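Chains as they are written, first to last, in numbering that gives the first Met the number 0: chain A, 0 to 414; chain B, 0 to 414.
Honestly, the hints are just simulated from the structure, not real lab data.
The structure displayed is predicted, hence computed values, not measured ones.
You may find that some hints are simply not true.
Because identical chains cannot be distinguished in the list, a pair is counted as satisfied if it fits within a single copy or across any two copies.
[Said to hold, decoys possible] With a straight-line cut-off of 27 Å between C-alpha atoms, the simulated BS3-like cross-links for lysine-lysine are:
| hint | residue 1 | residue 2 |
| --- | --- | --- |
| 1 | K190 | K329 |
| 2 | K277 | K190 |
| 3 | K260 | K92 |
| 4 | K327 | K91 |
| 5 | K260 | K12 |
| 6 | K329 | K260 |
| 7 | K327 | K286 |
| 8 | K92 | K329 |
| 9 | K327 | K12 |
| 10 | K260 | K190 |
| 11 | K329 | K272 |
2 protein chains.
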Amino acid sequence: MLKELDVRNWVAKRRSGFSDVSDSVSEIINNVRENGDSALFEYAKKFDNVELSELRVTEDEIEDSYENVDMRLVESLIEAEARITEFHEYQKKDDLWLRNVAFGLTLGVKTTPLFRVGCYIPGGRASYPSTALMTVIPARVAGVSEICACTPPPVNPLTLVGFDIAGVSEIYKTGGAQAVAAMALGTESVKPVDKIVGPGNVFVTAAKMMLREYAEIDFPAGPSEIGIIADSSANPAFIAADILAQAEHDPNAACVLVTTKKSLAEKVSEEVKKQFEKAPRKEIIQKALLNSGFIICDTLEDAISVTDEIAPEHLSIQVYDSLYVLNKVKNAGSIFVGPYAPVACGDYASGTNHVLPTAGYSKVYSGLNVSHFTKTSTVQIIDRDGLEEIGDIVETLAEAEGLFAHAESVRIRRR
Amino acid sequence: MLKELDVRNWVAKRRSGFSDVSDSVSEIINNVRENGDSALFEYAKKFDNVELSELRVTEDEIEDSYENVDMRLVESLIEAEARITEFHEYQKKDDLWLRNVAFGLTLGVKTTPLFRVGCYIPGGRASYPSTALMTVIPARVAGVSEICACTPPPVNPLTLVGFDIAGVSEIYKTGGAQAVAAMALGTESVKPVDKIVGPGNVFVTAAKMMLREYAEIDFPAGPSEIGIIADSSANPAFIAADILAQAEHDPNAACVLVTTKKSLAEKVSEEVKKQFEKAPRKEIIQKALLNSGFIICDTLEDAISVTDEIAPEHLSIQVYDSLYVLNKVKNAGSIFVGPYAPVACGDYASGTNHVLPTAGYSKVYSGLNVSHFTKTSTVQIIDRDGLEEIGDIVETLAEAEGLFAHAESVRIRRR
Chain A
0 MLKELDVRNW VAKRRSGFSD VSDSVSEIIN NVRENGDSAL FEYAKKFDNV
50 ELSELRVTED EIEDSYENVD MRLVESLIEA EARITEFHEY QKKDDLWLRN
100 VAFGLTLGVK TTPLFRVGCY IPGGRASYPS TALMTVIPAR VAGVSEICAC
150 TPPPVNPLTL VGFDIAGVSE IYKTGGAQAV AAMALGTESV KPVDKIVGPG
200 NVFVTAAKMM LREYAEIDFP AGPSEIGIIA DSSANPAFIA ADILAQAEHD
250 PNAACVLVTT KKSLAEKVSE EVKKQFEKAP RKEIIQKALL NSGFIICDTL
300 EDAISVTDEI APEHLSIQVY DSLYVLNKVK NAGSIFVGPY APVACGDYAS
350 GTNHVLPTAG YSKVYSGLNV SHFTKTSTVQ IIDRDGLEEI GDIVETLAEA
400 EGLFAHAESV RIRRR
Chain B
0 MLKELDVRNW VAKRRSGFSD VSDSVSEIIN NVRENGDSAL FEYAKKFDNV
50 ELSELRVTED EIEDSYENVD MRLVESLIEA EARITEFHEY QKKDDLWLRN
100 VAFGLTLGVK TTPLFRVGCY IPGGRASYPS TALMTVIPAR VAGVSEICAC
150 TPPPVNPLTL VGFDIAGVSE IYKTGGAQAV AAMALGTESV KPVDKIVGPG
200 NVFVTAAKMM LREYAEIDFP AGPSEIGIIA DSSANPAFIA ADILAQAEHD
250 PNAACVLVTT KKSLAEKVSE EVKKQFEKAP RKEIIQKALL NSGFIICDTL
300 EDAISVTDEI APEHLSIQVY DSLYVLNKVK NAGSIFVGPY APVACGDYAS
350 GTNHVLPTAG YSKVYSGLNV SHFTKTSTVQ IIDRDGLEEI GDIVETLAEA
400 EGLFAHAESV RIRRR
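Based on the sequences and whatever the hints tell you, model everything.
Set out below in structure tokens:
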């Protein structure tokens, strides 16, 4: 059920460009720029097969949505919200720190929230209330004033409950590249935002990348992935379950088992085959398994290097000395340590965020966190003594760079 | 010498798009993609009027550069380096923090440096060793393994000394959009980087924006700006000196004085006129002053709101109760508090970074700092008890989202 992979080949194939869709995304962006709301209505009909009269979800619709959701689900979302909020609260930085670095010279950093952000939540056949929590909560914890959300119609009541529990300010019934264009450029109904976050298909990601001049984004994200580092201490049935869980996301999802033990890979492969029989989303899983497989390494060190090359979205560590691997590994979106830490925990309720960089992007990007919703200003408080302390260097360097008025702005204060 | 400004008008004019140059930048990018080094040689001749035989600066060239730089300058750069390093060291985060959130459930964040980054330093008529320090030091402090730098030829010895003191790994003699393309896409000589930082003209910025799919960037940056909040306690001569210092950067630089006191604006205007007579870079200053002026506000609160709308690259606070303004203000790249804190201090030696977002981008972006050169992975360490703690919610939510194998990956561990 699982084949052996070559890491270089595998990594090269994961990052697919947006060139295939860039023409159609450009067309959508231009239509939204020129026609605003009416373009959004047009696409709701065309792509979502929904005839809308209003884009914004009303307060009544949100209240009504609770009637249509099982109480146990509401309670689970409330508990998940509390855990996600707690972990994101720990990420908050001081509003202002100052440090006296010399007599009369104090430096620091002031952290402030962004004013208005947009969260994109995919819809389609499924409802993703967990993604509503994952995108809105860090923005709320950061102190963002206006949190706007877009999701394609028809909007599932469960998604609305998720948004409401997370603390969103506004929800619009629009999806795909057109939703990103609306949030970046603004329409009659949707005020433009400073930043757009959240996962989406290749059209959504392409639109996010193409509109960064207007609204910053979190990072490009593609189909979900898991990397698993395991040795002979691991339970093959657990690993197989993790592989199937990852594979059921998307036909383009991918799973890589990196192990020092060939016999483990074989056992996992057998277990995947066995568990597959009972899995409901067989068609998706089968396709995803074609992108998946195992890599055999001589040593744990090699396994860690290979994992860093893969830079997986999710990394599961199922080895005897798991904290050693945690300390050594460099590139992963989120790390799950130990046999009792399935990735599904982080998807929903451990408290960490599930919006994570894929396709090797964890080499460069952090998963969604509070700092995506804040920005910093450096601060210097300088008095006469402080200026004396650094005045000579400033004058010398400014003049060397030919910036004489810079030097003069110091000199005039030292007279 | 200074005119009254309307804030809305002024802000709208500051952010100019890249559409004017995007065709020529695309052409340069394609040429570098197809022809690698030979395209870089071609552009060095065409744009910089330099015939190169090698792109990389040799160790000998770096050593020789010290011979051609005044010892006082070398010492000033060394002292500036120490101060900038100290402030950036304070920004470093723990490599790994962990917190036990429930019995058997530990969460945390692991911070790791990027592997390879590129620093762009403008050249042209001038040498900017200070920008070499400002881009390379935060990367070095973050722990980046390979710090590559590009600057247009002929490379001034002073710039080389700056790079060397800062701790760069490699320097290439190439500038403009072609340098950005080389670092993002790679050529025979230049290995591709994960991220490109540093200021540049509109061609450099356009190339950075267009190549973000290949290499992430710090932020778009345009011509330099200062915003000054001042009341009747301020010294008009100091403010005028700050305005002239900002104006001498670039004909497109801009200075805005926001004040509660009309008579102060008049005095500053007179002082600007007087000091202008002695300024060496008159032509540049005169043009920059056309983008500059003052805004009169009724109250200090209004002045703070107007400043937040401007979101200036540099903000100078010259009022009686300056810490009050520091606490209230939201949007600024770097903040200079008090009459003895000219912006020139932050440009060279206070320790803060001078690579800052302009054109209102400080509403969304932080100035260059250590976190631009790191990324984070979230961590969860979960044992049997921890899994029991959250297992029910995870199973419930996974099934509600139709992800049955997710639920099963938890269930199989709880049997």
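Consistency of the hints with the structure:
Taking identical chains as interchangeable, the C-alpha atoms of K190 and K329 lie at most 27 Å apart only when they sit on different chains, with a minimum of 20 Å there against 39 Å within one chain. Within a single copy, K277 and K190 get their C-alpha atoms no closer than 47 Å, and across copies no closer than 48 Å, so neither meets the 27 Å cut-off. For a Cα distance limit of 27 Å, the shortest separation of K260 from K92 qualifies neither inside one copy, at 43 Å, nor across copies, at 36 Å. Within a single copy, K327 and K91 get their C-alpha atoms as close as 26 Å, and across copies as close as 19 Å, so both meet the 27 Å cut-off.
With identical chains, the CA atoms of K260 and K12 are at most 27 Å apart within one copy only, with a shortest distance of 25 Å there and 63 Å across copies. Taking CA atoms no more than 27 Å apart as the test, K329 paired with K260 passes inside one copy only; the shortest distance there is 22 Å, against 55 Å between copies. For the identical chains of this complex, K327 and K286 are neighbours neither inside a copy (32 Å) nor across copies (54 Å), given an alpha-carbon limit of 27 Å. For a Cα distance limit of 27 Å, the shortest separation of K92 from K329 qualifies both inside one copy, at 23 Å, and across copies, at 15 Å.
When the C-alpha separation of K327 and K12 is checked against a cutoff of 27 Å, the pair qualifies only within one copy, where the shortest distance is 26 Å, while the shortest distance between copies is 49 Å. Taking the shortest alpha-carbon separations for K260 and K190, neither the intra-copy value of 55 Å nor the inter-copy value of 35 Å comes in at or below 27 Å. Within a single copy, K329 and K272 get their C-alpha atoms no closer than 32 Å, and across copies no closer than 56 Å, so neither meets the 27 Å cut-off.
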